[in-house]
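J.: Using the sequences and the hints given, assemble the complete structure.
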Amino acid sequence: MEDSMLDDFLKRNREMADHSLERLRGLSESDKHWTARRSFLVRNLSDYPRDRLDYLVALSMVWSNHVFMGCRYSDQLMEKVLDMADGVHVEDAPHFTTRDEIMQQRK
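Under full-length UniProt numbering, the residues of the sequence shown are numbered 1 to 107, in order.
Rather than coming from a laboratory, the hints here were simulated on the basis of the structure. There could be a bad hint or two in this list.
Derived SDA-like pairs: lysine to any residue, alpha-carbon spacing no greater than 20 Å straight-line [as the list claims (entries may be wrong)]: (1) Lys32 - Met84; (2) Lys80 - Leu53; (3) Lys80 - Gln104; (4) Lys80 - Ser39; (5) Lys107 - Thr97; (6) Lys80 - Ser46; (7) Lys107 - Ala93.
T.: This is the structure:
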């Protein structure tokens, strides 16, 4: 395949992939949240077959809820999603102080 045909093929498939991912965006999800969660999805998409996509979407929501709302989950689940998010950059991510950190500061 010559270079221009290959470039065109890759561009079309990238556009199809982008369009498919857009369907996974929450109705009230801000651009900032969606950009981060979309990066999480793209980073891990190849590890989840099509019939397990719902599981990947759920994991992306767990990660997003942790990053943007400070939600906590089991240690095992947190370790999994944080490993999956390795390399995903979130610009201006909020910082949350946990109850344990507050209690530690009081000592």
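J.: Confirm or reject each hint.
T.: Quick rundown of the hints versus the structure:
Only pairs whose Cα atoms come within 20 Å are accepted, and Lys32 paired with Met84 is accepted, the gap being roughly 19 Å. Under the criterion of a C-alpha separation no larger than 20 Å, the hint pairing Lys80 with Leu53 is consistent with the structure, at around 16 Å. The suggested pairing of Lys80 with Gln104 is violated, with an alpha-carbon distance near 26 Å, which exceeds 20 Å. Restraint check: the Cα-Cα separation between Lys80 and Ser39 comes to about 16 Å, which is no more than 20 Å; the hinted pair holds.
At roughly 16 Å between alpha-carbon atoms, Lys107 and Thr97 fall within 20 Å of each other, so this suggested pair holds. Pair hint Lys80 plus Ser46 holds up; C-alpha atoms about 16 Å apart against a cutoff of 20 Å. For the suggested pair Lys107 and Ala93, the alpha carbons sit about 28 Å apart, so the restraint of at most 20 Å is broken.
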